[in-house]
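K.L.:
Residues per chain, in single letters:
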Amino acid sequence: MSLYPVYPLRTERLTLRPFTRGDVDAVYAYRRREDVTRYLFDTALSREECALAVQQRIGQLALEAEGDKIILGVELDDNGALIGEVSLIWRSVEARQGEVGWIFDPNYHGHGYATEAANALLDLAFGPGAIHRVAARCDVRNEPSWRLMERLGMRREAHFREHALFKSQWDEEFIYAILWQEWQALRGEQTPT
Amino acid sequence: MSSLSLPIQTDRLVLRTFERSDIDGLSAYHALPSVQRYVFSRTRDASEVASALGIMRGHVSLQRPGDTLTLAMVCKGEKVLVGHVSLHWSDATAGQGEVRFCINPAYAGQGFTREALSALYDLAFDHFHIHRVFARCDGRNHHSIKLMQQMGMRLEAHYREHALFQGEWDEELHFAILDREWQRWTKVKDLPVRHRVA
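As they're listed, the protein sequences go chains A and B.
So the mapping is simple: this note's numbering equals the position in the first sequence, first residue as 1, plus 1149.
So the mapping is simple: this note's numbering equals the position in the second sequence, first residue as 1, plus 257.
Some hints here could point you the wrong way.
Calculated lysine to any residue pairs in the SDA-like style (CA-CA distance at most 20 angstroms, straight line) [unchecked claim]: (1) A:K1316 / B:D348; (2) B:K336 / B:E276; (3) A:K1316 / B:A349; (4) B:K403 / B:A349; (5) B:K403 / A:A1307.
If you only want the chain A side, here are some residues facing chain B, beta carbon under 7 angstroms, derived [stated by the list, open to error]: (6) V1173; (7) A1244; (8) N1291; (9) E1306; (10) F1309; (11) A1313; (12) L1328.
Read the hints as simulated data drawn from the structure, not as lab findings.
Note that the coordinates shown come from a computational prediction; the quantities given were computed from them, not determined experimentally.
Positions of the beta carbon are idealized from the N, C-alpha and C atoms, including for glycine.
Model the full assembly from the supplied sequences, consistent with the hints where possible.
P.N.:
See below:
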């Protein structure tokens, strides 16, 4: 089933909305940093590369075919600043599999914004998206990222050791996942009817 | 790398590549429902077994990533085909190899697969210089799970409902072992009594 969400998506403190051409500077402010790109597949980006990244993201708003991505800018309602992005990838149409990811500006870490935005994305995936299982992965050393996955109610399904090379070193990777019925149980607890 | 020398002799088995004449031996087990239950490729009748044999006869060495080496397990005494093991070179830069195995249920439970896999791991790590060998199996396949544990492999992943397999939600386990772990493992086992300190 294709997914064409209506934007923006709103949470308590955040607005999840499509990227626009005006976002290049805000994206460059965090994607230029080594500490942000350390566990991403990309290296630190130049301003031109950020412009290209934003250009690509402007069109990534719907899931129509396997491999499609929805990538949304996360805006803080308090000051209107772009503080990061969240993404949802359609990994398998037949088995209804999705993958989520996130990148946040370190200046805004520690306020639960990533958790809030990622939860909204899970609601999109499991609700209108009718996805059955959502996975996320990160480097084992990226503790803030896998702690976030645990806060989202995801289970650690894999711990791969030296299964690939990542930035010229042996990679060690976690894969976390949550099933539709687990998400349903979590949301049921939070909003009793 | 020296050239691959086959067949390999183990205590009770000869491991060699498949031949045309293996069709009867392979048909005896490959299409059985209990074997088909957990295998990836579908071989349910004579023609599918024949084409599987055709493919496996081509699995003679690992020359480039993506290649597979499949070895028939032939029992030394009775000269009978009891199963097969394979090593797939899945990634060259990171030195990754995947093993698969299949045994005729009539010969299961006697350690033949374990014996064949030990020889295959020696080949993978010593001859092909693979860094990590992994194996996948269904979460309900307790024979394979036990075997992987006996091989000293670590459970690295337990996927739930991540795919569809034969019309059902799949539950899949990944086991793996690194070259340094396998070499230490086998060395410890082979250490003669007189070399033990305590």
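K.L.:
To test your reading of the hints: which numbers does this structure violate?
P.N.:
Violated hints: 4, 6 and 8; rest satisfied.
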